[in-house]
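Number of protein chains: 6
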Amino acid sequence: MFFYREDLINMIVPDKPDPAAAKVLQETLGGQFGEMRTMMQFFFQSSNFRGKATQYRDLLRGVFLEELSHIELVQQTINQLLTGAGAEGAGDAGIDGAPLDEAIKHANPHHYIMGAQSSLPVDAAGNPWLGNYVYDHGNLVSNLLDNVVLESTGVLQKSRIYEMSTNKAFRETLGFLIVRDNAHQNAFAKALETLGVNWGKIFPIPNYDINKYPECQKYIDLGFHNAQFNFRLDNTRIAEIYSGQSPSRNGGELKVTDPPQGHPLPFMPELPNEHSPGLYDLNA
Amino acid sequence: MFFYREDLINMIVPDKPDPAAAKVLQETLGGQFGEMRTMMQFFFQSSNFRGKATQYRDLLRGVFLEELSHIELVQQTINQLLTGAGAEGAGDAGIDGAPLDEAIKHANPHHYIMGAQSSLPVDAAGNPWLGNYVYDHGNLVSNLLDNVVLESTGVLQKSRIYEMSTNKAFRETLGFLIVRDNAHQNAFAKALETLGVNWGKIFPIPNYDINKYPECQKYIDLGFHNAQFNFRLDNTRIAEIYSGQSPSRNGGELKVTDPPQGHPLPFMPELPNEHSPGLYDLNA
Amino acid sequence: MFFYREDLINMIVPDKPDPAAAKVLQETLGGQFGEMRTMMQFFFQSSNFRGKATQYRDLLRGVFLEELSHIELVQQTINQLLTGAGAEGAGDAGIDGAPLDEAIKHANPHHYIMGAQSSLPVDAAGNPWLGNYVYDHGNLVSNLLDNVVLESTGVLQKSRIYEMSTNKAFRETLGFLIVRDNAHQNAFAKALETLGVNWGKIFPIPNYDINKYPECQKYIDLGFHNAQFNFRLDNTRIAEIYSGQSPSRNGGELKVTDPPQGHPLPFMPELPNEHSPGLYDLNA
Amino acid sequence: MFFYREDLINMIVPDKPDPAAAKVLQETLGGQFGEMRTMMQFFFQSSNFRGKATQYRDLLRGVFLEELSHIELVQQTINQLLTGAGAEGAGDAGIDGAPLDEAIKHANPHHYIMGAQSSLPVDAAGNPWLGNYVYDHGNLVSNLLDNVVLESTGVLQKSRIYEMSTNKAFRETLGFLIVRDNAHQNAFAKALETLGVNWGKIFPIPNYDINKYPECQKYIDLGFHNAQFNFRLDNTRIAEIYSGQSPSRNGGELKVTDPPQGHPLPFMPELPNEHSPGLYDLNA
Amino acid sequence: MFFYREDLINMIVPDKPDPAAAKVLQETLGGQFGEMRTMMQFFFQSSNFRGKATQYRDLLRGVFLEELSHIELVQQTINQLLTGAGAEGAGDAGIDGAPLDEAIKHANPHHYIMGAQSSLPVDAAGNPWLGNYVYDHGNLVSNLLDNVVLESTGVLQKSRIYEMSTNKAFRETLGFLIVRDNAHQNAFAKALETLGVNWGKIFPIPNYDINKYPECQKYIDLGFHNAQFNFRLDNTRIAEIYSGQSPSRNGGELKVTDPPQGHPLPFMPELPNEHSPGLYDLNA
Amino acid sequence: MFFYREDLINMIVPDKPDPAAAKVLQETLGGQFGEMRTMMQFFFQSSNFRGKATQYRDLLRGVFLEELSHIELVQQTINQLLTGAGAEGAGDAGIDGAPLDEAIKHANPHHYIMGAQSSLPVDAAGNPWLGNYVYDHGNLVSNLLDNVVLESTGVLQKSRIYEMSTNKAFRETLGFLIVRDNAHQNAFAKALETLGVNWGKIFPIPNYDINKYPECQKYIDLGFHNAQFNFRLDNTRIAEIYSGQSPSRNGGELKVTDPPQGHPLPFMPELPNEHSPGLYDLNA
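Protein chains in written order, with UniProt numbering: chain P, 1 to 284; chain X, 1 to 284; chain E, 1 to 284; chain C, 1 to 284; chain F, 1 to 284; chain U, 1 to 284.
Only chain P is shown next, with the shape it has when bound in the complex:
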């Protein structure tokens, strides 16, 4: 069973709206290599796990649990990038102009049509998330290798998306997630080490330069690249795998730790002209 505490896994840094940034950040939420896929992939791999080597099952499930919080983090970041976009009066009046005319020029128009300026289960090109993104081969070695590819692609894509906007909310979330993808890359690579693979110097993939992503530094300093957060309310065998020397050439010791301190969920203001939530209508 799953439990929840209203604490965001990282902060949302305030900055102005940026619908074009929201559009590309959707890749990190509903893209083929985004958080919805990692969450569902590890959910299925752990539920479908066979046999007694449950330390691997615990590892898969442990990463799955964190991905739920990542989805929430990206949803909130997108919401902040969208809220308040449009010319003055958008979401409040429509007679005297077309306040969303400019806003949608480089936006995903569905952000302004489907919901009231909020996140969607789609990618940066507007394609809906697809169940066949999820790979569960039913074979541990194959799954672990694929998970390494998935987490590596996560870093690769985020390092490219990072170049698309200087918005602070956008970059802080990307920076945090790059470091966490790195930790999860380590998790699956380490699991393969327990099966005899010696990785040489290929990790991390890609070999990103921490100096180019100043947001990442504080998370590295906190050791987040070598930590596995523990979201279990009962025992877990993760530490049988996630411990000892990091498989990455950056080195360090892998550790299972408590989750980070939570951050408050941002308050999302009403948008009367978007009829969201619309309760005031009924009190009129």
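To be clear, the hints were calculated from the coordinates, so they are not data collected in a lab. Honestly, I wouldn't trust all of these hints.
You can't tell identical chains apart in this list, so a pair holds if it fits in one copy or across any two.
Think about it this way: if two alpha-carbon atoms lie no more than 27 Å apart in a straight line, the pair counts; the simulated DSS-like pairs of lysine-lysine are [as the list claims (entries may be wrong)]:
#1 Lys-52 - Lys-255
#2 Lys-201 - Lys-52
#3 Lys-16 - Lys-201
#4 Lys-16 - Lys-52
#5 Lys-105 - Lys-201
#6 Lys-52 - Lys-168
#7 Lys-218 - Lys-201
#8 Lys-255 - Lys-212
#9 Lys-168 - Lys-16
#10 Lys-16 - Lys-218
#11 Lys-105 - Lys-212
#12 Lys-105 - Lys-168
#13 Lys-218 - Lys-255
#14 Lys-255 - Lys-105
#15 Lys-16 - Lys-105
#16 Lys-52 - Lys-105
#17 Lys-201 - Lys-168
#18 Lys-168 - Lys-212
#19 Lys-105 - Lys-218
#20 Lys-212 - Lys-52
Since chain P is already given, all that's left is putting chains X, E, C, F and U on it; use the hints.
Quick look at chains X, E, C, F and U alone, frame taken from chain P:
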């Protein structure tokens, strides 16, 4: 942030394999009105909620949390229905016959190709889950009405799927979920009552006859049709909505309660010839 | 604007339920070359038509109008093939057995889950209809050639589906539609003749043997293979194209005629255990 | 059977081309909650209806018939928004520049590639229409609730799209359709009233301010928000449901009326360089 | 079996990056009527061919083989249009700005996220290629007619895409492919002539004016519009069909010839900040 | 440029029709991990390759070329499994029965509707192939790891499909492809060895027992598991990577060799009632 305890929300009743039942039960997992959709729909609706009436946000999130456990329950039920299917020797030898020849005749062949006899994010016709199943209109009234439709359709479909096999694992899971869909139907209908709607006698939709689903009776006796399980580790305002008289003509008092006592996850045996998990290969 | 009279364009011949036949007949409704595609393709081609040669626009729209009635005919045929399927008690009881267990073995399970034993916008493999089936190239010659391919494929596929069941409702509908596809093939081929093409002996495609499809004979005798039914309440220029010698080697004179005499829509009985329509529930 | 008269259900107000407006208006045609979905949903629900309460079947079919005319209206509006877009010479020469270079910057490029500047069966993000948008649950209560959601979402989305351009053709069509969605919302809500529901003050959803949509006023004055147009050439039982007090807090009397006076279909000029229709080529 | 020589079938003319042009040129690669579809369609039609009239099989396979080289040509053209896009520093630094901010404004963002500024199996709207684009009806006449439509649509679409950018690499590739589509249109039309069709003056479709596409002239002078390149290492019967008078009103003699002289594949520079290919990372 | 010789890469062993086997073998052709995906994935990865380390580009392209021949081999195998299915008279008469009634019971009905009993670009569940199956991350390490997963999954799935029929044509093709997937697994694993990875004993994935697949033995004896066939007509640098000790614990020396001796393409008989190819119709 999300937390987990290895406790299944309901029991898996032992019975023999039934791949045809597993195929149709996929509708309840990855179908257009299945648990993956309800989970994701309420996840997006609660994360994207606007304004100060957070009792509604808490209600949406509360149901979302339970849907995570429903996904896990259906995955495990499907896994039990699949495991051990095939003629003798299936999953262990291939020379002297084609042990899966019969097994796949009424099965989804992907159950035996993609993974090692285990659940998939697809529906009963084998179509992968799609992100556009998720509706979040950004308007509370519209969302609540749609959620009523979604939970009603959940009961409708399960009452039809129930007629497709007498397998006990299959029917117990369906019976439990029918009662819970009923409770969630009550939750969204009650929320609309707080906005002025008087439902008359239309609930529950459909007006199913409890005597036809003997598995349901014990859950009714436990009051599960009028209970909202609380999976929050902090405070929640759900009870401001989920309390008082049930909107259903079956009556009763709505109550927020603790989650049910957990059930152990079934052990899934290795399947050597399916190469799952495949670790013995490496120790050979 | 569009108008309607409750008259089916052809009769539904009574016969017993046959869910396997219903499954494959879906190709004719929601398949890539089915009636939903032809209807939408000619709808878009006629609405998007450019220029003054409106006799071609009238021809495209004329065929489009008939396709609406074809959709209705196939829906009703599928409904009859589905209604009453299942062991005794299906749609009325679920305790003492699994009355749909056998029924779904060769059925599309969605026929019994989504609705109450009724038609769906999907093909014979259960794939939902897709907007990109519709071709409108914005060029008359290209569109006409494609429409010839579409109508020819219609006959081809129906001649193959015909071999899949001896059910009379199934075969009567296929027989009628084969002859009408033939007439529409003539319509588009004739339009290309007005642009200078001399077809030689390639029509009809394929060169089916009327003796193999006894249901077709009476429609041939009525001249339906060389008739364009006129569903316009105002004037139309179709006859400027659809007249004179048939482009088919079977010969004959093309004629614009009144629609055939209508047939009553079959009555669909309630299915209490499928909760359809479910009104009795509310009167209990 | 279906009949047609070449009369558009509302006027197309002349204005200049606006490909960005055409792109977002596609949502109203081929989007998940657009006219193609409402048409097909009510088509299937009425064809698949079970039992003797045919007044509900007539209501479903009645709304379906009007949606056919809505599709035609939106197609024509999009065509006008597209025709003539591009720098001078677009559709007439290609040597000396790239006349569509600017035009496609905020357009759906398929509007200029697939056809000759004309409408497509896709949504505002370019996704093709999907058969699984159609919901027919086989249960009248569930279908009616879902139809209320669908028509409400129609108004919600149109009120947001309205803010995206001041183009007069664009806004007139949106204004007309907002009022008609309102009438159809009333139709399905009223049908639920006959089953015992008392809606309080939640309708219309959303509670839009008529003063913000000046185009709507004249249609309200004509009573179009409380009228059900009758497109039947034979008898219909719609008025057994669609009559009496409106379920909306705006009040008024529901009435079945004749369709509105028709409007001429706009003439679409040839586009030689787009090769549409291309007939002049053959006469050269 | 298939063999390869590293020779591009046409030259890539150097010009500056143009991500908006790359986006629309994707239609020619992964669109519904692009080179991936023609390749796969003719691959399936030739592999699935029945009977002894193998001159038709050889024709289908002959065109299929050339389409492989067309895919390669369009991939390389798109790669050149993408490489080096972005503000100074793109692909090399991310701290001091967002070098891709402008670049993605009119681009397919996946070009910069999925790979390192390179081609994708998608269309101009970002939709992934779909297997059901491929038509193989199993009937030669129907297939040939459809192939004529497909090649005609190829020319139509390319003549429209041509108007979207003056980029020289973009236009040279389009010009070459327009002429080759013309040759393939002739191939399938000629095959239908052998079955008795007299085309009159409808070919080529559309009747494009060679003077509007200066890039085409040299290929016409080389006779490429009436040539079928032979990529077989053994014998082929193509010339039994592809010979004699062209079916097009432009006239000329059809000839099977050797493939054109090859062109070197462009060198694609490394993009360090895109981590492509990333080998330098490992040597650090 | 690409060249062809009419030689099948392996033999088709004669056996009787088996439509159920054809259905599941489609996974190997058009499935998410089938030959169409490997072909397209390596095509894009090689065309999009950046930098001077062209030995890797040659390796990617070398495997891509072989996948073209694999597609052809699986198409021909499926065609043989389908041809002649049905009761006596199928494909020749339809009056006296429904000869395909039984045949389609466990078949993909599209095999008998779309084409004339021949292969399709779909998977074992009937889903069409999708462009987003193709992964090209633009980073060599990530691509190589993913290619290892892809080839491993190829073996995994084929070992499971193998259990589904004893048909000899079916099993011979699977046996050959298992061994070739193994060779390609070695190719990508070896490439990663050149970058420093020491694989220990995890290869091959899965650790299949050769004795269970008697068809494989002769290919192992021929050394096909450690051979890379060379389909280049010019020079290639593959041997710089594909040489030396195999990364698999089965050992052996990797070698670039000539392609295997070709096998004749099977003759596919006409199917008159399926109208394939239909030429006899025109000569009647």
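Here's how the hints hold up against the structure:
| no. | hint | in the structure |
| --- | --- | --- |
| 1 | Lys-52 - Lys-255 | within (23 Å within a copy, 40 Å between copies) |
| 2 | Lys-201 - Lys-52 | between (32 Å within a copy, 21 Å between copies) |
| 3 | Lys-16 - Lys-201 | neither (41 Å within a copy, 37 Å between copies) |
| 4 | Lys-16 - Lys-52 | between (51 Å within a copy, 22 Å between copies) |
| 5 | Lys-105 - Lys-201 | neither (44 Å within a copy, 37 Å between copies) |
| 6 | Lys-52 - Lys-168 | between (45 Å within a copy, 26 Å between copies) |
| 7 | Lys-218 - Lys-201 | within (24 Å within a copy, 38 Å between copies) |
| 8 | Lys-255 - Lys-212 | within (26 Å within a copy, 43 Å between copies) |
| 9 | Lys-168 - Lys-16 | within (9 Å within a copy, 32 Å between copies) |
| 10 | Lys-16 - Lys-218 | within (23 Å within a copy, 40 Å between copies) |
| 11 | Lys-105 - Lys-212 | between (30 Å within a copy, 23 Å between copies) |
| 12 | Lys-105 - Lys-168 | both (22 Å within a copy, 19 Å between copies) |
| 13 | Lys-218 - Lys-255 | within (17 Å within a copy, 45 Å between copies) |
| 14 | Lys-255 - Lys-105 | neither (46 Å within a copy, 42 Å between copies) |
| 15 | Lys-16 - Lys-105 | both (17 Å within a copy, 18 Å between copies) |
| 16 | Lys-52 - Lys-105 | neither (54 Å within a copy, 31 Å between copies) |
| 17 | Lys-201 - Lys-168 | neither (32 Å within a copy, 43 Å between copies) |
| 18 | Lys-168 - Lys-212 | within (15 Å within a copy, 35 Å between copies) |
| 19 | Lys-105 - Lys-218 | neither (35 Å within a copy, 31 Å between copies) |
| 20 | Lys-212 - Lys-52 | between (43 Å within a copy, 25 Å between copies) |
When held up to the earlier numbered hints, the structure conflicts with 3, 5, 14, 16, 17, 19 and fits the remainder.
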